[in-house]
Structures are given as structure tokens and as C-alpha cells.
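J.: Residue numbers (my numbering), protein chains in the order written: chain A, 28 to 301; chain B, 169 to 810; chain C, 60 to 282.
None of these hints come from the bench; they were simulated from the model.
A virtual CB, placed ideally from N, CA and C, is assigned to each residue, including glycine.
Any given hint might turn out to be false.
Okay, derived cross-link-like pairs now, EDC-like style, lysine to aspartate or glutamate, Cα gap no bigger than 16 Å in a straight line [stated by the list, open to error]:
id	chain 1	residue 1	chain 2	residue 2
1	B	LYS174	B	GLU278
2	B	LYS715	A	ASP196
3	B	LYS667	A	ASP91
Which stretches of chain B does chain A cover? Using the computed rule of at least three CB atoms under 8 Å from a CB of chain A, they are [unchecked claim]:
id	segment
4	216-224
5	299-313
6	442-453
7	532-545
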Amino acid sequence: MVKPSEQSSHDSERTLALRLRVWRQLRGGDGHFEEYSLAAVPVSASFLEMMDMLNEQLIREGKDTIAFDHDCREGICGMCSMTINGMPHGPIPGVTTCQLHMRNFRDGETITVEPWRARAFPVLKDLAVNRSAFDKVIQAGGFITVRTGSATEANNTLIPKPIADEAMDAAECIGCGACVASCKNGSAMLFVGAKINHLNILPQGQPERERRTLAMVKTMDDAGFGNCTNYGECQAHCPKGITLDVIAKLNRDYLRARVKEFFSSTGKARKGGE
Amino acid sequence: MKLDSKIPAGPLADKWNNHKAKMRLVNPANRRKYHIIVVGSGLAGSAAAASFAEMGYEVSCFCYQDSPRRAHSIAAQGGINAAKNYQNDGDSVRRLFLDTIKGGDYRAREANVYRLAQVSTSIIDQCVAQGVPFAREYGGLLANRSFGGAQVSRTFYARGQTGQQLLLGAYSALSRQIGAGTVKMYTRHEMLDLVLVEGQAKGIVTRDLVTGEIKAWASDVVVLCTGGYGNVFYLSTNAQGCNVTATFRAHRRGAGFANPCYSQIHPTCIPVHGEDQSKLTLMSESLRNDGRVWVPKNSADCTKPASEIPEEARDYFLERKYPSYGNLAPRDIASRAAKEVCDEGRGVGQVVDGKRLGVYLDFSAAIKRLGESAIRERYGNLFDMYENITGENAYRQPMRIFPAVHYTMGGLWVDYNLQSNIPGLFVGGEANFSDHGANRLGASALMQGLADGYFVLPYTVTDYLAGVGLSGRPSVDRPEFKAVVKEVEERTHWFLNNKGTRSARSYHKELGKIVWEKCGMTRDKAGLEGAIRDLQALRDDFWKNIKVVGAGNQLAPELERAGRVADFLDFGIMMCLDALTREESCGGHFRTEYQDAGEAKRNDEAFAHAAVWKFMGEGKLPERHTEPLTYEEVQFTTRSYK
Amino acid sequence: MSDSSCCKNCQPASIGKKIIMALSGLVLAGFVFGHMIGNLTVFKGAAAINEYAEWLHANPGLLWVARSVLIVSVIAHIWSGVLLTIENRIARAGGPAVEVTRRASLSSRTMPYSGVIILAFIIFHLLHFTFRKIALGGQEFGPDVYKMIIAGFSQPAVAIFYIASMILLCLHLSHGISSVFQTLGLRNERWRGRLDVLAIIYGWVIALGFISIPLAVLLGQLK
Ligand SMILES: Cc1cc2nc3c(=O)[nH]c(=O)nc-3n(C[C@H](O)[C@H](O)[C@H](O)COP(=O)(O)OP(=O)(O)OC[C@H]3O[C@@H](n4cnc5c(N)ncnc54)[C@H](O)[C@@H]3O)c2cc1C
Ligand code: HEM
Ligand code: HEM
Ligand code: SF4
Ligand code: F3S
Ligand code: FES
């Protein structure tokens with residue numbers, strides 16, 4: 028995935044000249060692409076550092092800078108979100124936009140940069156979108172109800188290593204939204220599946236299992252995400268290697284919850300801790 | 169400035185429990201009538217906001233990111249300490265307390281540190297109950313590791329993403345309350361000022377980063393959990409948005425700022441690669457368990473590939489200088505040693521403005537000993553990250569590392585209740601001057617953030633609210649609020665309309681260079697005095713020539729940056745002043761004048777105190793006050809890692 | 060979805076629709092298999108297939124049970140398929156200007172199209188062989204299904220249309236069958252690859268099985 032070491036020893040000297048087609052849009056307005064050219068981009072720079080250079084150039088020209096989301100710049104906060112040449116987070120699998128480096132691009136290349144495109148992620152400005160739909164899904168059930176101080180001694184719940192590891196695999200999701208952006212149905216199943224898997228396989232997560240699953244899926248639908256038709260693009264673009272397994276398990280848990288609900292005397296899923 | 173630490177009487181071990189028993193309560197029926205503002209949604213903020221809401225208070229929580237889940241706590245890798253003694257290796261609350269005091273080089277407040285060690289165990293219980301997937305043993309019990317050179321294994325971890333998992337735990341608790349309507353969450357809102365009514369903190373003023381709306385919020389109490397100020401150095405391991413604005417604005421309103429010169433430098437970061445670099449990436453300290461740190465003996469070799477430098481021409485300087493700790497020497501010591509060899513011209517890697525700033529972290533010995541697969545097993549993800557950023561394969565050639573600013577021990581001064589000297593202003597997490605003294609032990613900041621948020625603030629804020637009574641909350645129509653809103657609006661308007669020439673980033677870079685050079689790993693009188701002059705000049709130039717593009721009613725990243733840099737400039741001056749006036753070396757603060765043979769030389773007679781700075785007005789130097797640190801149970805000893 | 064929220068409330072959730080899709084799809088997939096096997100008796104000669112046809116019609120009770128299951132499945136399948144497709148178009152909001160596909164197979168991306176064409180085929184096919192209204196030159200065959208098939212496929216256009224439709228059916232199934240397991244939560248990373256292969260094999264078996272008949276007629280193997 029990365030260039031051989033020999034090359035990189037010259038990284039400090041190598042630079043690129045680039046043309047950039049960047050999506051510009053004001054809140055409430057319609058967007059369009061604008062073309063920029065940028066010279067002398069060091070290959071050791073990250074993609075966002077390249078965008079910084081472009082913005083500094085725009086400031087010198089007295090033009091408004093390109094707004095984009097970013098914070099940690101080390102691939103963990105999930106804030107950065109650019110579709111680069113049609114690929115959410117760019118050409119290198121398993122890497123976030125902020126961890127993408129310019130040595131992966133060619134001199135003279137034209138790079139198209141767009142925001143996440145999905146109905147549930149409206150554009151705020153330029154490349155920045157509103158992902159609060161993700162938060163709403165978590166607020167609907169992406170938690171285990173435990174009041175501060177009400178917890179029992181940690182080692183009272185034994186959790187076999189394989190279970191803990193499986194939960195951790197799913198919990199690595201950074202909530203970036205690349206799955207939605209890459210899905211041709213604008214579906215959030217990978218994100219929701221990841222959280223469901225994290226919580227539904229842990230012993231602590233059992234009491235609220237059905238309630239959580241039904242509530243999160245309902246909120247996901249209401250937020251305007253699409254339906255999964257098993258394209259698998261989401262897994263192919265997820266920077267954290269979340270797999271389609273989480274979607275299969277989400278489907279299974281949903282079916283299970285529906286069946287239980289159907290046969291429960293109240294016709295309601297168990298309410299859990301609340 | 170009145171600095172009463174309010175440390176409860178009685179034996180150290182009983183202080184917190186006795187104090188809890190004495191604190192006042194608020195009748196459940198009345199709680200929803202109190203409004204608490206929490207600024208920050210990191211470990212401290214999320215934990216506090218969720219806990220307040222569970223208790224029944226009305227809570228508003230603010231953060232500048234698009235989601236509370238993105239607070240920079242998410243980036244913590246290594247782990248979190250707790251005195252559980254699960255490994256039966258003789259750990260205890262008292263040992264964690266002593267290690268923390270010693271680690272902080274006797275510049276932390278004894279009573280706070282003891283409380284921290286006490287509540288540490290409840291944190292793990294809380295997080296496990298929330299579903300935080302900590303590492304486990306095959307038997308299903310929680311796993312631990314030893315961290316940052318500690319003699320006991322008391323560190324809990326979730327792969328290399330402990331901070332992420334802890335924050336997602338706190339975020340889920342917060343989300344549950346938001347869903348239940350008991351917390352109103354305001355994302356993409358930046359706090360730009362604090363509002364005082366009759367000397368008490370009664371609200372804040374924010375800018376909605378999306379719409380540009382500037383708005384006042386009234387409350388009965390304000391809790392700041394806004395993180396550290398490491399970005400004053402421009403290049404740091406902090407997130408781009410990390411800022412001092414929230415705490416510095418409070419400081420300008422009268423809150424004392426304690427020990428700004430205490431910052432922690434982390435030895436294992438990926439070196440600077442060029443002028444356009446925007447941040448430094450940390451790599452877990454655990455790498456030092458198997459990597460050997462070295463540079464060429466003579467600078468002539470520095471341009472050669474590592475493979476061409478024979479064993480006898482290599483200087484394993486940590487093993488040479490600190491035989492007993494070797495490559496695991498504490499962060500501040502390892503960092504300084506690396507700086508020294510690079511200053512001697514023996515650094516390796518790319519030349520960035522005239523210097524090679526990097527040392528080798530070599531795994532070849534470990535790979536020979538354990539085999540590549542074993543190393544891949546342990547550090548695979550770190551090696552991948554390194555290759556992804558540098559394009560180098562660390563299995564074939566040694567990594568290059570260099571220290572970077574990573575944590576800031578200084579912060580707003582708070583008493584034992586985490587209340588600042590402004591009544592009604594509480595401060596938690598990295599934002600307060602915390603429990604870490606002059607240097608923080610690895611895996612202790614996550615512990616402190618959650619301790620403050622879950623187990624301290626809920627009690628102490630309740631006690632305060634019980635005191636102010638129900639009539640406390642003012643209306644936002646009061647002149648105090650209008651006045652502050654006007655100030656903020658004028659400042660914003662000025663930025664957007666100033667006909668300047670220089671970008672905020674260019675000022676930030678220059679500021680960073682100055683403080684990194686003069687107030688970084690090593691400091692001295694002349695350098696600091698020069699830095700203060702340079703910063704004052706830079707500050708004046710900023711207020712003439714700053715150029716801010718963008719519109720006030722849209723996302724305006726340049727406007728945000730300008731505001732943050734403005735505060736960093738004033739803050740930088742205060743930081744250098746603090747370093748200048750602390751005429752001793754302690755922990756992360758190393759004054760070259762005060763050392764014996766490279767070891768920090770404390771001056772406990774003159775400086776066993778927290779230096780607390782009082783704002784004296786626009787453009788004026790702040791005034792130094794002190795809170796003496798009296799130790800009831802521990803004796804001063806000199807750290808020695810030789 | 061704000062604008063269509065009214066119908067959102069009176070229709071199953073996203074995953075609900077998927078499950079209907081999967082179950083109905085499974086029924087249909089099962090049917091085509093049985094139907095193919097039955098049809099292949101044509102190679103055993105006129106008697107064999109005519110017996111089979113007779114046997115099919117021998118007890119109308121069973122036949123109608125089977126038919127109603129089929130009809131319900133087709134309706135459910137189409138209904139949910141159409142809803143899914145429409146909602147997904149809206150949710151995608153146009154998509155990026157540069158569209159890149161890393162992994163989604165051709166068959167997965169053409170499900171609605173292959174599906175609709177299959178529908179068209181089924182209608183034609185029913186009029187053709189079940190109601191015997193078209194493409195038989197108005198001849199009457201009575202119980203002689205064998206003759207009807209020969210007559211039907213002796214017209215190259217008809218035969219080719221059948222063959223083309225079978226290939227689309229293959230396409231549809233080679234994503235569909237594996238997809239069923241995912242939708243019902245019966246697939247994981249270890250098995251996904253194998254199930255994908257299984258689906259493709261299944262698709263081709265069905266298609267080739269069916270195709271063999273019009274092809275044989277075209278090539279004059281069956282007279
Ligand atoms: C790379 C890295 C690795 C680390 N590893 C470890 C480790 O292994 N172990 C350990 O113990 N510690 C570690 N630390 C330190 C630890 O992560 C932090 O000290 C701790 O997480 C701080 O938490 P906090 O809640 O105080 O602040 P943060 O998590 O930084 O949260 C700050 C919050 O305040 C908000 N905010 C800030 N300013 C404003 C404003 N003006 N207006 C509105 N909102 C604002 C932000 O939006 C954010 O929500 C590490 C730190 C870094 C940078
Ligand atoms: C009649 C018109 C048809 C239409 C419009 C149609 C459309 C669709 C669509 C849109 C899907 C969803 C793709 C996915 O979710 O992966 C689908 C799935 C499927 N279809 Fe069809 N189809 C039709 C007919 C058929 C027929 C005749 C068969 C069987 C012979 C069939 C078998 C399947 C199967 C097995 C699936 C997989 C279900 C799943 O996704 O879990 N379909 N179809
Ligand atoms: C070459 C391929 C095919 C041949 C030769 C064929 C032949 C026939 C014949 C002879 C009948 C009439 C049986 C009777 O009424 O006695 C029939 C009915 C039917 N066929 Fe086919 N068929 C073919 C492919 C298909 C395919 C691919 C499908 C579905 C996708 C299909 C669906 C049906 C249906 C639904 C009926 C009606 C069954 C009933 O009477 O209820 N056929 N077919
Ligand atoms: S599942 Fe992957 S792509 Fe989707 S939000 Fe999580 S990390 Fe991002
Ligand atoms: S790409 Fe979309 S269709 Fe499903 S498998 Fe992933 S969500
Ligand atoms: S900026 Fe945090 S993940 Fe990219």
C-alpha cells in the first residue's frame with residue numbers, strides 16, 4: 028500500500044504540481060466545482076496539509092478558504108471526510124483522509140475532491156457535512172444503561188477473550204461516515220451494525236439487546252439513510268476494517284428482536300434498564 | 169487574589185470520605201430547577217454532563233467538534249491507571265498516590281492526588297459496566313500492563329485505543345441523557361467568553377460555528393472541561409482545534425492560571441518532516457520496551473543510512489546515561505537526552521530549518537531475538553502507521569523519533585473541590601492545573617479526567633448549588649450578558665474587516681517556533697526574556713496585520729483560527745513568564761541554570777508552590793501569586809533514574 | 060424520511076423489507092430450480108414431459124397452493140424490491156461526481172434491472188405457455204406440452220428472448236442467493252467467499268438448465 032522505503036529517503040526533496048477540482052458550496056446554496064492549481068507540494072505532506080497549502084494560497088489571493096472537517100489528524104477522531112477521486116478517504120484502503128499522504132499521488136495529477144454525498148448528510152459548507160444523524164442513532168440506543176457509581180466490581184463479569192476481542196473489533200469504528208458515502212444506497216448499516224455488535228455480544232449489553240436493536244434501526248431509517256442491498260462498498264472503504272459481518276449480525280439481531288417482540292405478551296420489546 | 173485550597177482536615181486517607189459526608193445535598197425535586205453549563209465533551213466533560221443529568225439537573229453541554237465523540241480524549245493510546253492490584257504485584261492506593269507525587273516531582277497537591285488514587289478503582293468498574301472492551305485474559309479477567317516505567321502492572325488498556333474506548337463509553341452515557349432530553353447538546357459551538365454576575369460565574373457566550381450566531385447562555389454554575397493548551401507550540405500531538413481560548417477567557421475574567429510553564433514532552437513521536445507540517449503523531453511509548461534508542465557517535469555518519477553505521481560507531485545514549493532504566497527512562501529525561509544529542513549535531517533524518525531532529529529507535533536486536541512475527545504481533549499497527557506516514561519500513565530500517573509536546577500540566581487554578589477562584593466556575597480534566605504537578609505519569613490523565621467527571625464534580629458542584637439556592641440563575645437580558653456579547657461581536661467583526669496581510673496560521677507557526685525553542689524541553693533566563701520580547705512584538709504585529717477571509721454567517725475556519733491564535737499569543741507570554749520566574753528545574757520544566765550533571769535540580773525551599781497568574785489587563789504582564797504546597801505525609805526526595 | 064414519512068410508518072423497516080425480499084426471493088429461486096428439473100424431462104422425450112405436465116395438473120388443489128405461494132412471493136418480492144430501489148435512489152442524493160466501485164459486483168448493481176426484465180419475461184412466458192395466447196401461431200396443442208415447446212422455440216426470436224432472459228436470471232441469482240444468507244444473518248467473513256461462489260454456480264446451473272431447451276430446439280436436436 029505504500030511506496031518502498033528507498034524512494035522515501037528522497038521524500039524531503041520530491042514535490043508535486045497538482046490541479047484540484049474542489050466542490051464549493053455555501054450553506055443553503057447549490058454547489059459547483061472550482062479548479063485550482065497548486066505547485067511544489069512535498070510528497071511527505073499529508074492530504075490535509077496539501078489542503079492547508081491551498082487555503083494559504085487562497086488567503087494570499089484574498090479568496091475565501093475551503094471549509095473541511097478535521098481535528099485529530101491521526102486517524103482516530105473520525106472528523107475528516109473527503110471523497111477523493113470518487114473514493115471516500117482516498118485511494119489507500121484502511122487510511123483516513125488525514126492519514127493519506129501525497130506520495131500516493133502523481134506529479135501533474137488532477138484530483139477531484141468532494142464532500143460525503145448522502146441525503147442524511149447535508150452539506151454545511153464546501154466539504155463539511157452534517158453527520159448529526161449518527162449521533163441520533165447512538166442516542167436512540169447505542170449505550171448500556173448504567174448510572175454513575177452504580178457499577179459492580181469490574182472482575183465480577185468474566186468476559187472470554189474472544190468475545191472481548193470481537194467487541195473491540197466492532198468498537199474501533201470512528202464514526203466517520205465513509206461507509207454511508209461509499210454505499211450506493213447511502214446506507215448506514217455498517218456504522219449501526221458496528222455499534223450493535225459491540226454492545227449486543229457483551230454480557231453487559233444483554234438486558235437492552237432487543238430494545239437497542241429496534242430503536243437504533245428505527246432511528247436510522249427515519250434519518251433518511253438507504254437500505255442495504257449487500258454491495259460491500261462500505262467495508263471496502265472503511266478506514267477501520269469493519270466487516271460485513273456486523274451487518275449480517277445486525278440483520279440477525281433485528282429478526283430475533285422482531286420475533287421476540289411478536290411473541291411477547293405486551294407486543295413490546297423488553298425495555299431494559301430505563 | 170485569594171487562593172484557599174480548602175483541603176479538608178484529618179488524615180490523608182480519610183479526607184475525601186469525610187468531606188463527602190459533610191457536603192450539602194440538593195433535594196431531588198429541586199434539581200431540575202438548576203441549570204449547569206458544561207463546556208467540553210471529552211472524558212471530563214462527557215462524564216460530568218452525563219452524571220449531572222442522571223442526578224436530575226438541567227444540563228447544557230458544548231463542544232466545537234461536530235459530535236461529542238470527537239473530543240481529543242479519543243486520541244489517547246496507551247492506557248489508564250487504577251490501583252486495583254489485580255496482578256497481585258503489591259500495588260495499592262497509597263503506592264499509586266506516591267508514584268504520582270514522585271512522578272510530578274513534588275509539585276502536585278497531596279490531598280488531590282490521594283483522592284485521585286482512591287477513586288481510580290471505581291473508574292474501571294464504571295467503564296466495564298458501560299461496555300468498554302478492555303483487554304482480557306483467556307480466563308475472562310481484565311488484563312493489565314506496566315506503563316511508562318512503573319514497577320507495577322496497573323494500566324488497563326483497549327489495544328492501542330484506550331482513550332477512544334473510554335471516550336466512547338462516556339459518550340454513550342452522555343448520548344443516553346441527550347436522547348432522554350435531560351442534556352441539551354450544542355455541537356459546533358465555541359465558547360468565546362465567560363459571564364460573571366456579581367462576581368460569580370453565571371454563564372457563557374458562544375459562537376455557532378455553522379450559522380455564526382453569537383449567543384449568551386445563563387446558568388447556575390459553569391463547568392469547564394476544555395482540555396489542554398499544547399497547541400501553543402503549533403506543532404504538538406494535540407488535535408487542530410485544541411485551544412486555550414475557553415480557559416484563557418476565564419482567566420481574563422479573573423480566574424487564576426496555575427503553572428502554565430508545565431508541559432509534557434513525549435519522547436516517541438514521528439519527527440518533523442517539513443515546513444508545511446501541521447501536527448506531530450505520537451507513537452505509543454510501549455515501543456521503548458523493545459526498541460533501542462541511538463544516534464551515530466560522530467556527526468559525519470548522520471547522512472549515511474543506518475545500516476552502514478557499524479555497531480561501535482553507534483551511541484546508545486539512554487543506555488549509556490541511565491544504565492538502570494535504559495531506554496525506559498521517564499518521558500522528560502528521555503526527551504531531553506534526545507534533544508541534547510541532536511543539538512550536538514548528531515541527529516538523523518531530514519534537515520528541517522538547518523537541523524536534523526531525530527534519533528533512531530532500533531528494533532533489529534529485538535527482531536533478531538524474538539523474530540519479526542513476534543514484533544509484528546506486538547506493534548504491527550504502529551509499524552504500519554509509521555510506514556504510512558513516513559513511507560519507511562521499520563522492520564528493515566530503524567524508526568526515527570523525536571520528542572513532541574503532548575500534555576500540559578498547567579491550567580486554571582482550582583481548589584480541592586475543583587472550583588476556581590471565581591465562585592461558580594468549576595474546572596475538570598486537563599483544563600485545570602490538575603494533580604500531575606510538574607510532570608505527568610503515563611496513563612494518569614485519562615484517570616484524572618474520568619475521576620473529575622464521574623466522581624468529584626457531581627459532589628462538589630451539588631454542594632455549591634445547595635449553597636447558592638434556587639434564586640441563583642440570572643436572565644440573559646441582564647446588562648452583564650449584553651456587554652459580553654457586544655465585546656465578542658465587536659472582536660469578531662474586527663477580525664473579519666481588518667485589512668491585514670498575514671494569515672493566522674503564519675502567526676501560529678511563528679509563535680510555535682519561539683516557544684518551542686525558548687520554552688520547550690530546556691529553558692534559560694536569557695532565552696525566556698528574549699522570547700517574551702519577541703512574543704510581545706509578534707502580538708502587536710498580529711493585531712495590525714492579521715488577515716481573516718470568510719463570512720460571519722457561514723463556517724469560517726479562518727475566523728476560528730484567528731481567535732484561538734490571538735489567545736495563544738497572550739498565553740505564550742504568560743507561559744514564558746512563568747518559566748522565567750520559576751528559578752528551579754522540576755519535572756518537565758528544565759532550567760539549564762539549575763541542574764547537577766543534567767539532572768533537574770529542584771529548589772524546595774523557594775519553589776514548593778503552585779504559581780498562579782492573575783490577569784492585569786490588555787497588553788499588561790500578569791501578576792504572580794502562589795499557593796504553597798504543604799506535604800503532610802510524604803517527604804521530598806530527589807528523583808534519580810541513573 | 061421526512062417527505063415520505065407517511066408511508067414509512069405503514070411499511071416495514073429497512074431490514075424488514077430486506078427480509079421479505081430474501082424470503083420471497085428464496086421461494087422464487089426454489090421454484091425455478093424445481094421448474095428447471097421438470098422441464099429437463101423434455102429430453103426424455105414427448106411422453107415424459109407430457110406425463111410430467113399431466114401430473115402437475117393432476118390435483119388442482121396442490122397446484123393452486125403452489126401457485127398462490129408463488130404469486131404472493133412475486134408480489135411481495137416486487138413490492139419490497141421497488142420500495143428499496145426508490146428509497147435508495149433518494150438516500151444516495153445523486154452520489155459523487157466521480158463514481159468509483161471497489162467491490163460491488165455487476166450483478167449486485169443491476170438487481171432492479173435484471174429483476175424487471177425477469178418480470179417482463181415471466182409475463183410473456185405465462186401468456187406463452189400457460190395461457191398459450193401468443194407466439195404459438197394460434198395453434199392448439201391440448202395436453203401436448205412437448206409439441207408446444209418445440210413450436211414455441213422453433214421461432215428463433217422467441218428462443219433468443221428466452222435465452223437472454225435466462226442469462227439475466229443467472230445474473231440476478233448470482234448476487235441474490237449469497238445475498239439471502241447475508242440478509243438473514245447467516246453469513247460471515249469466513250463463509251462469504253464460498254457463498255458468493257455457490258450463488259454464481261446456482262445461477263449458471265439454473266440458466267444453463269433452462270437454456271439447454273430452446274438451444275436444443277434451435278439446433279434441431281429436439282424436434
Ligand atoms: C496523542 C495523545 C495520546 C495520549 N495518551 C494518553 C494515555 O495513553 N494515557 C493517558 O492517561 N492520557 C493520555 N493522553 C492525555 C489525555 O488524553 C488527555 O489529557 C485527556 O483526554 C484530556 O481530556 P479532557 O476531557 O480534559 O479534554 P479533551 O478530551 O481534550 O476535551 C476537550 C473538550 O472541550 C471542548 N472544547 C475545547 N475548547 C472549547 C471551546 N473554546 N468551546 C467549546 N468547546 C471547547 C472540545 O470540543 C472537547 O470536547 C494523551 C493525549 C494525546 C494528545
Ligand atoms: C419480478 C421482478 C423482480 C424484481 C423487480 C427483483 C428485484 C430484486 C431486488 C431489487 C433485489 C434486492 C437486491 C438485494 O437486496 O441484494 C432482489 C433480490 C433477490 N431476488 Fe429478485 N427481483 C425480481 C424477480 C426475482 C426472481 C424471479 C427471482 C428468483 C428466481 C428473484 C430472486 C431474488 C433473490 C434470491 C434475491 C436476494 C434477496 C436478498 O437480497 O436477500 N428475484 N430482487
Ligand atoms: C426454457 C425455459 C422454460 C421452459 C421451457 C418453461 C416451460 C414452461 C411450461 C411448459 C409451462 C406450462 C406448464 C403447464 O401449464 O402445463 C411453464 C409454466 C410456468 N413457468 Fe416456465 N419455463 C421456462 C422458464 C421459466 C422461468 C425462468 C421461469 C421463472 C422465472 C418460469 C416460470 C413459470 C411459471 C411461473 C409458470 C406457471 C406455473 C403455473 O402454471 O402455475 N418458467 N413453463
Ligand atoms: S464503520 Fe467504518 S466507515 Fe463507517 S463510520 Fe465506522 S469507521 Fe467510518
Ligand atoms: S455498501 Fe451499502 S449496500 Fe450494504 S453492504 Fe455496505 S451498506
Ligand atoms: S482528522 Fe481525525 S480522523 Fe482524520
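J.: Can you take a look at whether the segment 299-313 of chain B is actually covered by chain A? Rule is 3+ residues, C-beta closer than 8 Å.
T.: holds (count 11)
J.: Quick one: see if chain A covers the segment 442-453 of chain B, three-plus residues with Cβ-Cβ under 8 Å.
T.: Result for this restraint: holds, n = 7.
J.: The segment 216-224 of chain B covered by chain A? Criterion: 3 or more residues, Cβ-Cβ distance below 8 Å.
T.: holds (count 3)
J.: Hint check: B:LYS715 vs A:ASP196, CA-CA at most 16 Å. Holds or violated?
T.: violated (45 Å)
J.: Quick one, are B:LYS667 and A:ASP91 close enough, alpha carbons at most 16 Å?
T.: holds (14 Å)
J.: CA of B:LYS174 to CA of B:GLU278, is that 16 Å or under?
T.: holds (13 Å)
J.: Mind taking a look at whether chain A covers the segment 532-545 of chain B? Criterion is 3 or more residues with CB to CB distance under 8 Å.
T.: violated (count 0)
In this structure, the earlier hints numbered 2 and 7 are contradicted, and the remaining ones agree with it.
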